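Using the sequences plus the hints, can you model the full thing?
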Amino acid sequence: MTFVYGDNIDTDRIIAGKYTKTLDMNTLVEHVLEDLDPTFKNKVQQGDYLVGGYNFGCGSSREQAPIALKLSGVSVVLAKSFARIFFRNAINIGLPVLEIQNHDIESGDEIKVDLLTGEVKNITKSKSYFAAPMPKVMIDILKEGGLANYLKKYGDYQL
Amino acid sequence: MTIVEKILSSHSGKAVYAGELTIVSVDGIMASDTTAPYAIKSFQSMDGKTLWDSEKCTFVIDHASPAPTEKIANLHKFMRDFAIEQNIRVFDIGEGICHQLIVEKDLVKPGQVFIGADSHTCTYGALNAFSTGVGSSDLAAVMLTGKIWLKVPETIKVTYKGTLPDGVVAKDLILALGKILGIDGATYQTIEFHGEVVEKLSLSNRMTMANMVIEMGAKAGIFTPIGLDLPYEWTATYADDNAKYSREIEIDVSNMTSKISMPNSPDNVFDIAEAVGTPIQYAFIGTCTNGRLDDLQQAAEILRGEKIASSVRLLIAPASKNVFIEAIKDGTAQILMEAGATFLPSGCGPCVGTHLGVPGDDETVISAGNRNFRGRMGNPNAKVYLSSPAVVAKSALKGEISAL
Ligand code: SF4
Numbered sequence: 347m348t349f350v351y352g353d354n355i356d357t358d359r360i361i362a363g364k365y366t367k368t369l370d371m372n373t374l375v376e377h378v379l380e381d382l383d384p385t386f387k388n389k390v391q392q393g394d395y396l397v398g399g400y401n402f403g404c405g406s407s408r409e410q411a412p413i414a415l416k417l418s419g420v421s422v423v424l425a426k427s428f429a430r431i432f433f434r435n436a437i438n439i440g441l442p443v444l445e446i447q448n449h450d451i452e453s454g455d456e457i458k459v460d461l462l463t464g465e466v467k468n469i470t471k472s473k474s475y476f477a478a479p480m481p482k483v484m485i486d487i488l489k490e491g492g493l494a495n496y497l498k499k500y501g502d503y504q505l
Numbered sequence: 007m008t009i010v011e012k013i014l015s016s017h018s019g020k021a022v023y024a025g026e027l028t029i030v031s032v033d034g035i036m037a038s039d040t041t042a043p044y045a046i047k048s049f050q051s052m053d054g055k056t057l058w059d060s061e062k063c064t065f066v067i068d069h070a071s072p073a074p075t076e077k078i079a080n081l082h083k084f085m086r087d088f089a090i091e092q093n094i095r096v097f098d099i100g101e102g103i104c105h106q107l108i109v110e111k112d113l114v115k116p117g118q119v120f121i122g123a124d125s126h127t128c129t130y131g132a133l134n135a136f137s138t139g140v141g142s143s144d145l146a147a148v149m150l151t152g153k154i155w156l157k158v159p160e161t162i163k164v165t166y167k168g169t170l171p172d173g174v175v176a177k178d179l180i181l182a183l184g185k186i187l188g189i190d191g192a193t194y195q196t197i198e199f200h201g202e203v204v205e206k207l208s209l210s211n212r213m214t215m216a217n218m219v220i221e222m223g224a225k226a227g228i229f230t231p232i233g234l235d236l237p238y239e240w241t242a243t244y245a246d247d248n249a250k251y252s253r254e255i256e257i258d259v260s261n262m263t264s265k266i267s268m269p270n271s272p273d274n275v276f277d278i279a280e281a282v283g284t285p286i287q288y289a290f291i292g293t294c295t296n297g298r299l300d301d302l303q304q305a306a307e308i309l310r311g312e313k314i315a316s317s318v319r320l321l322i323a324p325a326s327k328n329v330f331i332e333a334i335k336d337g338t339a340q341i342l343m344e345a346g347a348t349f350l351p352s353g354c355g356p357c358v359g360t361h362l363g364v365p366g367d368d369e370t371v372i373s374a375g376n377r378n379f380r381g382r383m384g385n386p387n388a389k390v391y392l393s394s395p396a397v398v399a400k401s402a403l404k405g406e407i408s409a410l
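Chains A and B, in that order, give the protein sequences.
Take 347 as the starting number for the first sequence in the numbering used here and just add one per residue.
Take 7 as the starting number for the second sequence in the numbering used here and just add one per residue.
It is possible that part of the hints are untrue.
Just so you have them, the derived chain B footprint on chain A, three or more residues with Cβ under 8 Å [unchecked claim]:
1. 350-359
2. 366-372
3. 393-407
4. 431-444
5. 482-495
In silico DSSO-like cross-links for lysine-lysine, where the CA-CA straight-line distance does not exceed 30 Å [stated by the list, open to error]:
6. A/364 / A/387
7. B/77 / A/489
8. B/250 / B/77
9. B/250 / A/482
10. B/157 / A/482
11. A/489 / B/55
12. A/489 / B/157
13. A/482 / A/499
14. A/499 / B/55
15. B/206 / A/498
16. A/364 / B/111
17. A/387 / A/426
18. A/426 / B/389
19. B/327 / A/498
20. A/482 / B/153
21. A/364 / B/20
22. B/77 / A/387
23. B/157 / A/426
24. B/77 / A/389
25. B/47 / A/482
26. B/206 / B/185
27. B/115 / B/157
28. A/364 / B/77
29. B/55 / A/482
30. A/364 / B/47
31. B/153 / A/498
32. B/185 / A/482
Label pairs and their calculated CB-CB ranges [what the hints assert, rightly or not]:
33. A/452 / B/90: 52 to 58 Å
34. A/504 / B/72: 22 to 28 Å
35. B/253 / A/485: 26 to 32 Å
36. B/233 / A/491: 47 to 53 Å
37. B/25 / A/469: 45 to 51 Å
38. A/467 / B/100: 54 to 60 Å
39. A/373 / B/100: 23 to 29 Å
40. A/498 / B/343: 52 to 58 Å
Hints are computed from structural coordinates only; laboratory data are not their basis.
On a predicted model such as this, the values are computed, not experimentally measured, just so you know.
Glycine is no exception: its CB is placed at the ideal position from the N, C-alpha and C atoms.
What follows is the structure in structure tokens.
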């Protein structure tokens, strides 16, 4: 399924600060997007897509925001643009994020994402969008499933 | 070269320009009780054993401090235990807000690269340094390697000129910029602050402004070194005359009035006149934006010998214990308390909605802080306005949003 939201979805709305004081990340899932879309947590299933407008993930540096989305089942976040810290955090925890400036994906559209080429097919609308290319170091981190695994493997950054 | 290009070049071992990816060595790092516990976990899952340089790392327990619940108390304990094991400096409960302490204790200096696991780490740009916020995993990676990869940001040059009218302060200057740039108008970029107006600003005022560049999406906000007054020897980094900027903005302050950010976004900025008369129930002065001594003094100036409206509660959380002590010594705290203010321990206080003063449903708050996203102060059904400490004090006095 594809969940579509608007511009400027901030981290307080992805997961409110009051829920972030825990190391048991599974407790975040209970509250993910609860103010923005109270039905989300019951509807979302493993592999679903989350689609945003401009400036997705603005606000706090809390890594709990992408973690909450990932643990709830979201497989990829697509947005017209991302806030800088959210973008890095998502890659670092192994949640793929694609920046597609001109998408017109609407709720209910069926989409297919190819992470390797960055192509997103909108099957409902019979069209394709292409993601802005990512720096190699980010692709490498994603390939390893996140920054922890990446550094475990390489010990240091490789540009 | 811009200031950020110069600082990142000196930490990359080669000249780097906007748009290039580079690996930089880091001079200092910081994590708070919101981000440190997960950074420690992440460090351990990287197979980290000892920090690259524990002297350069600081932990601060400020966000939910003292611990309001058993769960949070255990997270604090987890941080302290790790800090003892690794010999990491900890500022524990009541010492103050992370960003205030890092500057106050000279843990960041001009020209340095500082990485903090908190989005308002951009505050240290006030010191003509490069500092930016990251998440816990990025911080853990610096704990391990002493390095971080960054894309050298483009720079927006902002020049403030003219003469500041009475009562118009740093908070108004930065809110005015937020209005121009919008909530994502500086994403991935650095904002460089220049001009005769900012050259005269104190370090505290520069911090108020650099603090809020993240509210425009910026990676960093760096001040000109001109007029910066520090009690130690330091080297200034200037932008070259032919530095390349992505955008140049000039703001004439001569006719500016106080600004206010209306719910629910910091860039929803208007002249104060647009909000005057809005009833409030809760006023808050504090945060890394406006919780310093001069901020408290400005509030005290308004409230000296007065009593706040009976319909209003006024909470004050000094940015650090040091600020609190100074405010006690010079009588500021007494003036504010006699006017009806309630003092909270130094720290983030109600800013992030975890504890210590959550607003009720349909209540209206005026805060000297930096964010008013829906739910920011812990209740999505409350409305939060942002303004300068003096405007907050005046509004507490009148029971409604008031101009100076
Ligand atoms: S005072 Fe508020 S904005 Fe500043 S560090 Fe604390 S929670 Fe963040």
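Hint check results:
no.: 1; hint: 350-359; in the structure: holds (count 4)
no.: 2; hint: 366-372; in the structure: holds (count 4)
no.: 3; hint: 393-407; in the structure: holds (count 6)
no.: 4; hint: 431-444; in the structure: holds (count 5)
no.: 5; hint: 482-495; in the structure: holds (count 4)
no.: 6; hint: A/364 / A/387; in the structure: 18 Å, holds
no.: 7; hint: B/77 / A/489; in the structure: 34 Å, violated
no.: 8; hint: B/250 / B/77; in the structure: 49 Å, violated
no.: 9; hint: B/250 / A/482; in the structure: 26 Å, holds
no.: 10; hint: B/157 / A/482; in the structure: 12 Å, holds
no.: 11; hint: A/489 / B/55; in the structure: 24 Å, holds
no.: 12; hint: A/489 / B/157; in the structure: 20 Å, holds
no.: 13; hint: A/482 / A/499; in the structure: 16 Å, holds
no.: 14; hint: A/499 / B/55; in the structure: 15 Å, holds
no.: 15; hint: B/206 / A/498; in the structure: 48 Å, violated
no.: 16; hint: A/364 / B/111; in the structure: 29 Å, holds
no.: 17; hint: A/387 / A/426; in the structure: 23 Å, holds
no.: 18; hint: A/426 / B/389; in the structure: 28 Å, holds
no.: 19; hint: B/327 / A/498; in the structure: 40 Å, violated
no.: 20; hint: A/482 / B/153; in the structure: 17 Å, holds
no.: 21; hint: A/364 / B/20; in the structure: 43 Å, violated
no.: 22; hint: B/77 / A/387; in the structure: 24 Å, holds
no.: 23; hint: B/157 / A/426; in the structure: 20 Å, holds
no.: 24; hint: B/77 / A/389; in the structure: 29 Å, holds
no.: 25; hint: B/47 / A/482; in the structure: 26 Å, holds
no.: 26; hint: B/206 / B/185; in the structure: 23 Å, holds
no.: 27; hint: B/115 / B/157; in the structure: 22 Å, holds
no.: 28; hint: A/364 / B/77; in the structure: 12 Å, holds
no.: 29; hint: B/55 / A/482; in the structure: 27 Å, holds
no.: 30; hint: A/364 / B/47; in the structure: 20 Å, holds
no.: 31; hint: B/153 / A/498; in the structure: 15 Å, holds
no.: 32; hint: B/185 / A/482; in the structure: 35 Å, violated
no.: 33; hint: A/452 / B/90: 52 to 58 Å; in the structure: 54 Å, holds
no.: 34; hint: A/504 / B/72: 22 to 28 Å; in the structure: 43 Å, violated
no.: 35; hint: B/253 / A/485: 26 to 32 Å; in the structure: 30 Å, holds
no.: 36; hint: B/233 / A/491: 47 to 53 Å; in the structure: 48 Å, holds
no.: 37; hint: B/25 / A/469: 45 to 51 Å; in the structure: 35 Å, violated
no.: 38; hint: A/467 / B/100: 54 to 60 Å; in the structure: 55 Å, holds
no.: 39; hint: A/373 / B/100: 23 to 29 Å; in the structure: 28 Å, holds
no.: 40; hint: A/498 / B/343: 52 to 58 Å; in the structure: 53 Å, holds
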